[in-house]
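In order, the protein sequence lines correspond to chains U and P. 78 is the number that the UniProt record's numbering gives to position 78 of the first sequence; each next residue is one higher, with no gaps. 215 is the number that the UniProt record's numbering gives to position 215 of the second sequence; each next residue is one higher, with no gaps.
Incorrect hints may have been included.
Computed spacing ranges between beta-carbons, pair by pair [claimed, not checked]: (1) P:80 to U:104: 40 to 46 Å; (2) P:224 to U:229: 35 to 41 Å; (3) U:218 to P:285: 41 to 47 Å.
Treat the hints as calculated values from the structure; they're not laboratory data. Just so you know, even glycine gets a beta-carbon here, dropped at the ideal spot from N, CA and C.
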Amino acid sequence: MSSYNNNTCYDEARRVAIFGGTHGNEMSGVTLVNLWVKNGTEIQRKSVETKAFITNPKAVEKCTRYVDTDLNRAFTPENLSAPEGHDLPYEVRRAQEINRIFGPKGSPDAYDVIFDLHNTTSNMGCTLILESSKDHFNLQMMNYIKKAIAPASCLVLLNEHPLLKYSTSRSVAKHPVGLEVGPQPQGVLRSNIFEAMRVILKHALDFIQLFNEGMEFPPCMVEVFRALERVDYPRDANGNIIAMVHPNLQDGDWEPLNPGDPLFQTFDGKTIHYQGSSTVYPTFINEAAYYEKQQAFVTTRRETLVASAIRKA
Amino acid sequence: MSACLKFDTKKAKEEGHQEEGSLTKTTKMDCVSLPPLSKFAICGGTHGNEMTGIHLLRHLQKHKVEKAGSVSITTVLSNPRAIDACKRYIDTDLNRCFTHTLLRTPITDSSPYELQRAHELNAIVGPKGSEEAVDLICDLHNTTANMGLCVIFNSTDLMALHIYKYIKSKITSVPVRAIDTREPISENYSLDSVGKYGFSFEVGPQPNGVLRADVFNVMKEAVDLTIEWIQQFNSGVTFDGGEAETYCPVNKVDYPRDPTTNEITAAIHPELQDNDFKPLQPGDPIFQSFAGETVKHEGKGLHPVFINECAYYEKRTAFILAEKITVTFPSICVKKDCGV
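Construct the complete structure from the given sequences, taking the supplied hints into account.
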């Protein structure tokens, strides 16, 4: 990446991967990638080598999130550099394998872009997940996608917080892009969710093609939701949950949560209110996989980022 | 329909009960009197990832709900290992293990976990078919399908039918419907067939592993109303019979599949998705293939249920087609001379 005449230059994005089945029960990505592995015409672009890839085949086979450990948390430096061996958890071995094929993470040989396809039980609609506010290539891509699918909505979640950030499978690439579409139950394939994900990928690949052909993208403003903190369920001394996401909050992803608003409802029907001092925008509300990660929802704050003009180096 | 009941088909004369003209034009049916219900079992976690029943039972256990008037209440977490793993089952679907044949087949250490557990549950709330069995079982389930509150039972079970009628008259926040399994008792494989009377509550939509407050509140209200009904029944209230609309499963429809790999090649069509119980006519779209083609319904106009239920992919079921049938049933009251 370099700057010239206020343009930020990036290398051509020649090698692109589409990951599905990072969580084996998130069916849109599994189905799309299986389709494209069989027939990749839809994802081909003239200037791009696109590879569709199932990251966690054992979990996909069992239709479970993971076998030993969450693959989408497994790409830590410790795991990637651990000596190989069969006593490593399955997903750690997979992470090392994926890092060999699509990385190494952090090196010039790593893939240019990886799209990682996910579903959520939360009512998040179409969400793009950004890991760095300084990745102007990704910011421009996300701006392009949002404009292309308007009036349908696609929001951007920025997860750059050092405590909330995690070592995702897509983080192997120079430009990691998470795609999260919901609500969809685990193990279920909903036609509308599947088609929405497909359309977003189409526009993403179109953007990359245009970029590789030399198109300059002028500076633009991108609205993002910056992740602030995770909020757990109220629990008793034994760690059992004692309240549920309140009906007023349930399905209210991206809607303002104001101080005093209902947050949780106990099994007895009592309301627990939000005690924070300012309005936040909650997301990942009542995601099935996050009960074990002590997360009822994540709070975010709205921000507008300025994406520099970009063009191919 | 005739009062064909599991136990005690003796009809008793009405005692001072005034008909309010609420019966249908078809028949004037005598009130059926039955012994009081003294043992009621509520089961949850029969599928370990259907969260509402699990948490509702824990809540009842925490508050030591063991008795309501003259009825004793037993709460049972049916599949503890599946609950711990937050999975539907460990080895095999527990809610398919309760036929007479399976309950009589001796189990060994190498038997599937759920078959062993079914025998244990049969000892706790059964034995099925015996006098010792609990009077009434209510089994709590969730579905990923948009089915509101369903009461699932065999319409020969007069208790279940009346409880359904009572709940339907009281719950207004979601649609309340009846699914009539018409399964003869010995072939009935579900846990709720172990008691003398029994039914299941199925509430959706809710993803596996998720606990929604609105779904919990509906299930809790339905269970509370059931307990209320039992107390009223035991204390001598006569519940009017009448007519009820029920949905009787006719056949299941599988997803289109690739003949070599068996993988599904289409998803439920957006126009069918979430439209459980709405009439499906020949020519209506049912699937959308991954290539974008529409597959249409052929055959009788029926009512689809369990549309896109997660657990049914492996049972080769995209949805179940049901026929809407109106059943007529008699009034019911407690048998007063029955000592308990």
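Whether the CB-CB distance between residue 80 (chain P) and residue 104 (chain U) falls inside 40 to 46 Å: Taking Cβ atoms as reference, residue 80 (chain P) and residue 104 (chain U) lie about 45 Å apart, which means the hint holds.
Assessment of proposed distance window 41 to 47 Å (beta carbons of residue 218 (chain U), residue 285 (chain P)): Roughly 43 Å apart at Cβ, these two residues keep to the hinted range, so it holds.
Range agreement (Cβ of residue 229 (chain U) with Cβ of residue 224 (chain P), hint 35 to 41 Å): holds (37 Å)
Hint violations for this structure: none, all hints satisfied.
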